[in-house]
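Trainee: In the order they appear, the protein sequences are chains G and R.
Final position of the first sequence in my numbering is 471; the numbers increase by one with none missing.
Final position of the second sequence in my numbering is 736; the numbers increase by one with none missing.
Hints are computed from structural coordinates only; laboratory data are not their basis.
Even for Gly, the Cβ is constructed at its ideal location relative to N, Cα and C.
Watch out, some of these pointers could steer you wrong.
One-sided excerpt, in silico: chain R residues whose CB lies under 8 Å from chain G [unchecked claim]:
id	residue
1	Phe-562
2	Val-571
3	Thr-579
Covered stretches of chain G (chain R as the covering partner; in silico rule of three or more C-beta atoms under 8 Å from a C-beta of chain R) [said to hold, decoys possible]:
id	segment
4	309 to 322
5	414 to 427
What follows is the residue order along each chain.
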Amino acid sequence: MPVNETVGDLNLDEYKYDFITTSEPVFRAQKGLSEEVVRQISAHKDEPEWMLDFRLKALKVYESKPMPKWGGDLDGLEAVLDEIYFYVRPQDQMERSWDDVPDEIKNTFEKLGIPEAERKVLAGVGAQYESEMVYHSLREEWQKQGVIFDSIEDGLKNHPELFREHFGTIIPTGDNKFSAMNSAVWSGGSFVYVPKGVSLDTPLQAYFRVNQERMGQFERTLIIIDEGAQAHYIEGCTAPVYSTESFHSGVIEIIVKDNARFRYTTIQNWSNNMYNLVTQRAIVGAGGHMEWLDGNLGSKLTMKYPSCYLMGEGAHGEILSIAYSGDGQHQDTGGKVVHVAPYTTSSIVSKSISKGTGRSTYRGLCKVHEGAHHARSNVECDALLINDTSRTDTYPYIEIEESDASVGHEASVSKIGEEQLFYLTSRGIRADEAMAMIVRGFIEPIAKQLPLEYAVELNRLIEMEMEGSVG
Amino acid sequence: MSDVPVLRIEGLEAKVAESELGILNGLDLQIGKGEIHAIMGPNGSGKSTLAKVLAGHPGYEVTSGTVTFRGEDLLTLEADERSLAGVFLAFQYPVEIAGVSIANFLRTAVQAHLPEGEELDIFDFSDILTERMAMLDMDVTFAERHVNDGFSGGEKKRNEILQMAMLKPKLAVMDETDSGLDIDALKIVADGVNKLLAEDPDMSVLLITHYQRLLDYIKPHHVHVMVDGRIVESGGPEVALELEANGYRTYETIEPSANGSAPVA
Ligand SMILES: Nc1ncnc2c1ncn2[C@@H]1O[C@H](COP(=O)(O)OP(=O)(O)O)[C@@H](O)[C@H]1O
Ligand SMILES: [Mg+2]
Numbered sequence: 001m002p003v004n005e006t007v008g009d010l011n012l013d014e015y016k017y018d019f020i021t022t023s024e025p026v027f028r029a030q031k032g033l034s035e036e037v038v039r040q041i042s043a044h045k046d047e048p049e050w051m052l053d054f055r056l057k058a059l060k061v062y063e064s065k066p067m068p069k070w071g072g073d074l075d076g077l078e079a080v081l082d083e084i085y086f087y088v089r090p091q092d093q094m095e096r097s098w099d100d101v102p103d104e105i106k107n108t109f110e111k112l113g114i115p116e117a118e119r120k121v122l123a124g125v126g127a128q129y130e131s132e133m134v135y136h137s138l139r140e141e142w143q144k145q146g147v148i149f150d151s152i153e154d155g156l157k158n159h160p161e162l163f164r165e166h167f168g169t170i171i172p173t174g175d176n177k178f179s180a181m182n183s184a185v186w187s188g189g190s191f192v193y194v195p196k197g198v199s200l201d202t203p204l205q206a207y208f209r210v211n212q213e214r215m216g217q218f219e220r221t222l223i224i225i226d227e228g229a230q231a232h233y234i235e236g237c238t239a240p241v242y243s244t245e246s247f248h249s250g251v252i253e254i255i256v257k258d259n260a261r262f263r264y265t266t267i268q269n270w271s272n273n274m275y276n277l278v279t280q281r282a283i284v285g286a287g288g289h290m291e292w293l294d295g296n297l298g299s300k301l302t303m304k305y306p307s308c309y310l311m312g313e314g315a316h317g318e319i320l321s322i323a324y325s326g327d328g329q330h331q332d333t334g335g336k337v338v339h340v341a342p343y344t345t346s347s348i349v350s351k352s353i354s355k356g357t358g359r360s361t362y363r364g365l366c367k368v369h370e371g372a373h374h375a376r377s378n379v380e381c382d383a384l385l386i387n388d389t390s391r392t393d394t395y396p397y398i399e400i401e402e403s404d405a406s407v408g409h410e411a412s413v414s415k416i417g418e419e420q421l422f423y424l425t426s427r428g429i430r431a432d433e434a435m436a437m438i439v440r441g442f443i444e445p446i447a448k449q450l451p452l453e454y455a456v457e458l459n460r461l462i463e464m465e466m467e468g469s470v471g
Numbered sequence: 472m473s474d475v476p477v478l479r480i481e482g483l484e485a486k487v488a489e490s491e492l493g494i495l496n497g498l499d500l501q502i503g504k505g506e507i508h509a510i511m512g513p514n515g516s517g518k519s520t521l522a523k524v525l526a527g528h529p530g531y532e533v534t535s536g537t538v539t540f541r542g543e544d545l546l547t548l549e550a551d552e553r554s555l556a557g558v559f560l561a562f563q564y565p566v567e568i569a570g571v572s573i574a575n576f577l578r579t580a581v582q583a584h585l586p587e588g589e590e591l592d593i594f595d596f597s598d599i600l601t602e603r604m605a606m607l608d609m610d611v612t613f614a615e616r617h618v619n620d621g622f623s624g625g626e627k628k629r630n631e632i633l634q635m636a637m638l639k640p641k642l643a644v645m646d647e648t649d650s651g652l653d654i655d656a657l658k659i660v661a662d663g664v665n666k667l668l669a670e671d672p673d674m675s676v677l678l679i680t681h682y683q684r685l686l687d688y689i690k691p692h693h694v695h696v697m698v699d700g701r702i703v704e705s706g707g708p709e710v711a712l713e714l715e716a717n718g719y720r721t722y723e724t725i726e727p728s729a730n731g732s733a734p735v736a
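Chain R with its partners taken away, still in its complex shape (with noise of 0.2 Å):
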């Protein structure tokens, strides 16, 4: 059992829906129980797609390939169904929700995640939100606040981290989390995710990110590079390293091989 990777990509291709603009180009991925992958990339390379796709939205279709989340198909599922399925996607632009405050939406959520005919403890949620939001340093007054409605970007960043930590997925799927945060505030979320991978060391993660500087807090057992809508490259924690130093250029005139990978020069 241990051997199925929690999830496994092969061959993903991925378009717009209703339009000819492909943007996923033939992607292999697989991350296993546990594990912290990083997707770095050039703008515009497809990573939101990918997390996107993953998650279920509808604007993109799926033309080629197969995902496989825990040993299932998780392209027939629509988006709730993945979420219950233990798919969570922190979004790298979270949507706005008027007239609906945080506590309300996480109470719906967290009451969808539970069984058929399991009613959530209003009280054990109450308890379980303000310990959340205690670990993330986020106000209590927060809760109340409507989603993401005149909210910073720090604070839209940490309000996913949150929510995050009350439906504990299998598989996080992290975009740009780190974008738009200082320093203090990066720390503040990477230490919530690794308190959140040390309740869980089975939580699989997929930092999608830009920088380095992530990667200094949240530790990655693999890192690969995405360019068009492949991976072309993969390797340890060195390869952002050199990317860090080196910047995408090297890999924008190689044509990758077949098989998604390409060698470094």
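Excised from the complex, chain G in its bound form (with noise of 0.2 Å):
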């Protein structure tokens, strides 16, 4: 098969996996979002009827309810949405080996650098392309201990009791807009399991990309980590650049029970006309431990507030944000903590970059509810930014419901100063690499909690972003 691509130059506000990859689907829905779509999609995915039903039900919700007036500016959405396909499957068959794999679709992994950069320390690898797992292993030995690394598709079929326990009892249907627009349409995304007192030392790894002109991407992750369990969930991704509109709206549930620990990394970078519209939301028991480690980059918009809900005593949740926006994009990020339980601890540390025209929001709520004595939570947000025209916002929701807390809040404003870009220059760095450098040091303290492939490869982006921009 032919492979044409467009690989961009690299060049300031050029979006970095700007190529394109010619592939057949195998089985495209219609456009837009209707029952019809959401029952072959079911239908398609041989599901059993409580899941159709689910599917339908979450249809009429998503029909009920308006579109959020606040945030970042929708008015857009609905034409884009009309224009999208709800479902694209590129293959009929789940993957088991690297070697299966065909080629066009390695090519597009190799571009994005997984073959080199993952496979080798991966464990296990659920890489997506368009909707659905193409390329799914688990290392033996965890198959050994019993944890569950499947597509969703695969967690329904082959694990349906625990998958019907807890699929949508994190975020239920109604949560809003997107959720249940997700509920309806999901596919694709990732099942996790480990099982009580499991630990896993090797991060498990998702990768997938967009790459369907006019394809919205519904991904649905389910991570249940049982007791005093341990476990590190990484997921990246980028899209191509296209022309339209493009929408990814993505709904990832999280159990952490009594005594797990569980971090979630994700950096996405998505092209610059991308909706991505994503709720993920975790719950701990007690003694549990949660982070949220998000890093946004690129879209048109995104609306993102990863959230720790911390049922039980001595719960903890850390979100650990960086939204990174350019010219014309908007991020509207930041977290949520709800103290359910005594003793419960929480940190959020958000840090936002906007250059150009653009824009970042932090949005965040700390709720803490009537009995979770001895609540303490802490929220520091940092804006950076490096032009005159570029804008940040700061809006803090605080309810407190219970007089022995403690929470804080900080936040912070900066720009770029000529003197520290003096001082460097001075030094025979040039000035945009040096505004790169500023930069760097200033989501340093996130970023090196990244993996290192990670960290240099966010550190490369910035590189990239920062050309160009002095002057």
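Make the complex out of the two chains shown on their own, each in a separate frame, by following the hints.
Mentor: Shown next, in the form of structure tokens:
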């Protein structure tokens, strides 16, 4: 099969992965969202009756809910949604081994650096191409330990009881308009279960990309970390540039049981025309520990507020996020921590960078319920503005129903200073490189938490973004 | 060739950019290869402004005069190009760069100084850095600290000299490197500069200082007095000793002559 590609010249505001690989989808539902489309998806996935009912109910909820009036500008979205294919499936078969993956798809991964950068380190790889898992393997000893790392579809097929017990329990269908939409048309994503007391040293990584024009991606992930278990899940994704608007709306549900520890790392680098509206939430049991590490780059508009519901005594939730908004982009991100039980602790650290006409909004909620005595929470959000035209806003909401709680909030806004630039350039460092250095320094507290290859990648992206930012 | 001065400043006038505030008012100065010059002057006389104008700070605008560095027009170069050409400024107030380690910062700067296409050998770099830090009595762990972040006054100044030692300039402008240093730190810094001078006798130094003290350790060949954005007197090391004894008061009432130097009363 011929491969057409246009590789962007990695210039300023050029999208890094600006290439398109042709591939013939095996099945594609019609444009737009309707009951018929939902039925087609469910039938195509050969789903049990309860899931079809779940989807159809969700569709009703979606239709009944108005577009949110807060957050970013969603005015152009309705028209976009009419033009989207809600389901595309590239292959009929799930691939088990790398050798079986068609060359063309490998090609796409190759450009993303997956084979070299990830494969050898990866214990289990779930790579999502278009709407479905293409390549999926799990290291043998994990299998022996009873760890499940499947596509969400296989999760439903192979572990029906475990799946049904937890699916949709953390983020109810009606949580918001887009979680309802996802519930109706979800396709692709991961299903992870780590049994009691099992501790995984190597992160589970899923890579996926959207590669079909006007195709929405509705990934759905369900992760269950059983009592005393430990794991780290990493997801990075990139999308190629298309001229029409694109749409991504994921739902990520996570259950961290008593004394378990879990970290979910995402670096998302969407093309500039993408609406990215994601709902991700974790509930944390007693003594449990949940961390979201969230990096958002690119997209036209991202609305994403990872949340931790601290349900058991002594549970801890942490949200670390980096947002980068270039020209014409809006990152409306932040986090939510909800303290339900006593002695729960949480922290949100958010760093945003806005360049050109880019805009970053921090939107956060810290809620302490009555009875969550001795709860402690700290929020820190720092914004860095590169140009005079860049913009940032902060909306921290704090609701405290318990007198015996301590909640701190700090916010700062800084501009890259002339003195900093002069200091670095006076050492022979080019001005754009100096900018990138200051920006990297700004996000360093979060970037150092990333696995090395992701930190390197993030630094490279920032360097590219800073090219031509001076003058 | 040896007659061409490293630095020749003629009739230099400069103001704060986008303002009418003139600071340098017709300054002349010439520094030869391997020479050590000191500029002394009261607070606010424009010493730091001169240093920053030489290094290419965009916040100042040269309105008149010329600056020639090793035969080339310095004023047309950007700050980074001046560094590559061999100008180094040790800042009076070094700037904090959060999240950037000294090692990373220096690696980038040293790499920038290499010819196009040449890659810095990371092991060589690391060896040189370790050796230079030892020379300045700095602990190796210092390299992992973020640039000037939470540094004491003395640490900041030492860090400036470390950068100078890594970049090996042709002309080092040291703006009040001695202020805020106790006598031990002052000796370490002065020792470091003297070692660099021993390594490269062609390096020229412009010391900006308030006090004679530094000049006991780094011996200048020429001393200039700056008042109101001009050099009002030039001479040998004795000028500094006189200043130490009499202060700057003598100069304040003197209207400098057109050529920028005035007789001492
Ligand atoms: N960017 C600036 N904006 C306004 N005033 C300035 C600026 N830079 C220097 N000045 C003024 O110019 C004069 C000389 O300053 P400076 O060069 O720092 O003197 P010195 O280093 O000799 O103490 C001072 O009065 C100072 O306040
Ligand atoms: Mg000064």
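Trainee: Each hint needs a verdict: does it hold in this structure or not?
Mentor: Hint by hint, here is what the structure shows:
no. : hint       : in the structure
1   : Phe-562    : holds (7 Å)
2   : Val-571    : holds (4 Å)
3   : Thr-579    : holds (6 Å)
4   : 309 to 322 : violated (count 0)
5   : 414 to 427 : holds (count 10)
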